[in-house]
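Residue strings, one per chain:
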Amino acid sequence: ETGVTQTPRHLVMGMTNKKSLKCEQHLGHNAMYWYKQSAKKPLELMFVYNFKEQTENNSVPSRFSPECPNSSHLFLHLHTLQPEDSALYLCASSQAGAGGRDTQYFGPGTRLTVL
Amino acid sequence: AQSVTQLDSHVSVSEGTPVLLRCNYSSSYSPSLFWYVQHPNKGLQLLLKYTSAATLVKGINGFEAEFKKSETSFHLTKPSAHMSDAAEYFCVVSDNDYKLSFGAGTTVTVRA
Chain A
1 ETGVTQTPRH LVMGMTNKKS LKCEQHLGHN AMYWYKQSAK KPLELMFVYN
51 FKEQTENNSV PSRFSPECPN SSHLFLHLHT LQPEDSALYL CASSQAGAGG
101 RDTQYFGPGT RLTVL
Chain B
116 AQSVTQLDSH VSVSEGTPVL LRCNYSSSYS PSLFWYVQHP NKGLQLLLKY
166 TSAATLVKGI NGFEAEFKKS ETSFHLTKPS AHMSDAAEYF CVVSDNDYKL
216 SFGAGTTVTV RA
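Protein chains in written order, with the numbering used here: chain A, 1 to 115; chain B, 116 to 227.
Take these hints with a grain of salt, some might be off.
[As the list claims (entries may be wrong)] Taking lysine-lysine and the DSBU-like style, the derived pairs with C-alpha atoms no more than 30 Å apart in a straight line are:
1. A/19 with B/214
2. B/164 with A/52
3. A/22 with B/164
4. A/41 with A/19
5. B/157 with A/19
6. A/41 with B/164
7. A/22 with B/157
8. A/18 with A/40
9. A/41 with A/18
10. B/214 with A/22
11. A/36 with B/173
12. A/18 with B/157
13. B/157 with A/52
14. B/164 with A/36
15. A/19 with A/40
16. B/173 with A/40
17. B/183 with A/41
18. B/157 with A/41
19. A/52 with A/19
20. B/214 with A/52
21. A/40 with B/184
22. B/173 with A/41
23. B/214 with A/36
24. A/40 with B/164
25. B/157 with A/36
26. A/40 with B/214
27. A/41 with B/184
28. A/40 with B/157
[Unchecked claim] Cβ-to-Cβ under 10 Å is the rule here; a few derived chain A residues that face chain B:
29. 6
30. 33
31. 37
32. 50
33. 94
34. 102
35. 104
[Claimed, not checked] Derived, one-sided and incomplete: chain B residues facing chain A with beta-carbon distance under 7 Å:
36. 157
37. 158
38. 159
39. 161
40. 164
Think of the hints as simulated: they come from the structure by calculation, not from any bench. For glycine and all other residues, C-beta sits at the position ideal for the given N, C-alpha and C.
Using the sequences and the hints, build the whole thing.
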């Protein structure tokens, strides 16, 4: 579809588990993003990476830990989550480097349920 | 600061009739504006984008939007709705950096 893939598509985990979400973009972009989409709420930006460097952490709790080993891959490591963390987690990428208003392309998301 | 207000949380239309989704924005700069669509269990797909060129922007699947600075609006329209247009639509604004501000979304249902 959009050149941004996410795995897994669905994840159910207990509050004591540790899991990771993976995002890969095949568009040659140099910026990647994690968003959280909760029911009845606008999309919330969580993290931004430009050229593998984190440039934004939008006051996200430390139980979410991002990792960007290269410009094509982005991970979100999860540990000790709470039920209210259940949501759709979306990854996006764009061509912008130091900033700009280039279009962000989104993956299909990972539907996370925390029991 | 930037923000977006989508004036309708839900729009219901009959197949073959026009669709209008309303969006007002607030921005300190000359903004970029986007409309994205999200079908059930899918990610967001870009419909169209405005970046200070022509004020009438044509997008995919027959959608278009008009930028009106005096009204701070960026309404999305389609002349004839199709069943496949049933989805959630997001109006998005961006100032001069990578941060996008999303509206709360408008759910479109299409009646046969």
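Going down the list of hints, with the structure as the test:
1. A/19 with B/214: holds, 27 Å
2. B/164 with A/52: holds, 26 Å
3. A/22 with B/164: holds, 28 Å
4. A/41 with A/19: holds, 24 Å
5. B/157 with A/19: This hinted pair holds, its Cα atoms lying about 22 Å apart.
6. A/41 with B/164: holds, 23 Å
7. A/22 with B/157: Roughly 16 Å separates the two Cα atoms, so the pair holds.
8. A/18 with A/40: Holds. Residue 18 of chain A to residue 40 of chain A sits at ~27 Å (cutoff 30 Å).
9. A/41 with A/18: Distance ~26 Å between residue 41 of chain A and residue 18 of chain A Cα, so the pair holds.
10. B/214 with A/22: holds, 22 Å
11. A/36 with B/173: holds, 29 Å
12. A/18 with B/157: holds, 25 Å
13. B/157 with A/52: Status holds; Cα separation ~26 Å.
14. B/164 with A/36: Given pair residue 164 of chain B, residue 36 of chain A holds - Cα atoms ~22 Å apart, limit 30 Å.
15. A/19 with A/40: Within the cut-off at roughly 25 Å; holds.
16. B/173 with A/40: Within the cut-off at roughly 29 Å; holds.
17. B/183 with A/41: Answer holds: residue 183 of chain B to residue 41 of chain A is near 26 Å, not above 30 Å.
18. B/157 with A/41: With a Cα-Cα distance of about 17 Å, the restraint between residue 157 of chain B and residue 41 of chain A holds, given a limit of 30 Å.
19. A/52 with A/19: The given pair, whose Cα atoms are some 21 Å apart, holds under the 30 Å limit.
20. B/214 with A/52: Given pair residue 214 of chain B, residue 52 of chain A holds - Cα atoms ~17 Å apart, limit 30 Å.
21. A/40 with B/184: holds, 29 Å
22. B/173 with A/41: Distance ~28 Å between residue 173 of chain B and residue 41 of chain A Cα, so the pair holds.
23. B/214 with A/36: Roughly 14 Å between the alpha carbons, so the hint for residue 214 of chain B and residue 36 of chain A holds.
24. A/40 with B/164: Judged against 30 Å, a Cα distance of about 24 Å means the pair holds.
25. B/157 with A/36: holds, 14 Å
26. A/40 with B/214: holds, 21 Å
27. A/41 with B/184: Measuring from Cα to Cα gives roughly 27 Å; hence the hint holds.
28. A/40 with B/157: holds, 17 Å
29. 6: This interface hint holds because 8 Å falls under the 10 Å limit.
30. 33: holds, 8 Å
31. 37: holds, 9 Å
32. 50: Since the shortest Cβ distance to chain B is 8 Å, the answer is holds.
33. 94: holds, 7 Å
34. 102: holds, 8 Å
35. 104: The hint holds - residue 104 of chain A has a Cβ within 10 Å of chain B, the shortest such distance being about 6 Å.
36. 157: holds, 6 Å
37. 158: Hint holds; residue 158 of chain B Cβ to chain A Cβ min 4 Å, cut 7 Å.
38. 159: holds, 4 Å
39. 161: holds, 6 Å
40. 164: holds, 6 Å
Checked against the numbered hints given earlier, the structure satisfies every one of them.
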